[in-house]
Amino acid sequence: FDTQVLSIFRRQREIGTYIALGMTRKQVLGLFTVEGSMYSIFAMVVGGLVGLPIFMLTATRGISLFSGIDELGITMANTIYPVFGFWLVSGTVMLLLVSATLVSFLPARKIANMN
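Position one of the sequence shown corresponds to residue 10 (the working numbering), numbered consecutively onward.
To be clear, the hints were calculated from the coordinates, so they are not data collected in a lab.
It is possible that part of the hints are untrue.
[As the list claims (entries may be wrong)] What follows is a list of derived Cβ distance ranges for each label pair:
hint : residue 1 : residue 2 : range
1    : 123       : 98        : 36 to 44 Å
2    : 71        : 99        : 20 to 28 Å
3    : 62        : 14        : 32 to 40 Å
4    : 65        : 14        : 32 to 40 Å
5    : 14        : 53        : 15 to 23 Å
6    : 81        : 123       : 53 to 61 Å
7    : 47        : 88        : 17 to 25 Å
8    : 44        : 88        : 15 to 23 Å
9    : 47        : 99        : 16 to 24 Å
10   : 99        : 19        : 33 to 41 Å
We put the CB at the ideal spot given by N, CA and C, even for glycine.
Start from the sequences and build out the full structure, keeping to the hints where you can.
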């Protein structure tokens, strides 16, 4: 959120130029909202490309816990395996898209309404 707000506040002149060139405030708001959403989609794709091999590796080999887990009195396997279902992943993606869109929209709205 802070990065997006800082980016938009640093670009006040650019927003003023867009408005001076004839763009409506609604168009400027849409431009910055879509730009922020595109950044978040790009970040999710890169995160997925980096995270998928790591997930595949840990899903097959598991994550070994330290050998002293039995001494703690906790009933737990020495190796745990991550499981991510379709609904968990798609719900997380949707939540990230909605929050990124809101984070892009709110500061852009504030700047677009300035004179």
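Range hint compliance [Cβ, residue 47 to residue 88, 17 to 25 Å]: violated, 40 Å
Cβ distance range 36 to 44 Å for residue 123 and residue 98, holds or violated: holds, 39 Å
Supplied distance hint 16 to 24 Å, evaluated on CB atoms of residue 47 and residue 99: holds, 19 Å
Hint check for residue 99 and residue 71 - Cβ pair distance inside 20 to 28 Å: holds, 25 Å
Distance restraint hint 32 to 40 Å, applied to the beta-carbon atoms of residue 62 and residue 14: holds, 33 Å
Consistency of beta-carbon spacing, residue 53 to residue 14, with hint 15 to 23 Å: holds, 20 Å
Status of the given 15 to 23 Å range, CB of residue 88 versus CB of residue 44: violated, 44 Å
C-beta pair residue 81, residue 123: status relative to the range 53 to 61 Å that was hinted: holds, 58 Å
CB-CB spacing for residue 14 and residue 65 relative to the 32 to 40 Å hint: Between residue 65 and residue 14, where Cβ atoms are some 36 Å apart, the hint holds.
CB-CB spacing for residue 19 and residue 99 relative to the 33 to 41 Å hint: Holds: the Cβ-Cβ distance is about 34 Å, inside 33 to 41 Å.
Checked against the numbered hints given earlier, this structure breaks hints 7 and 8; the rest are met.
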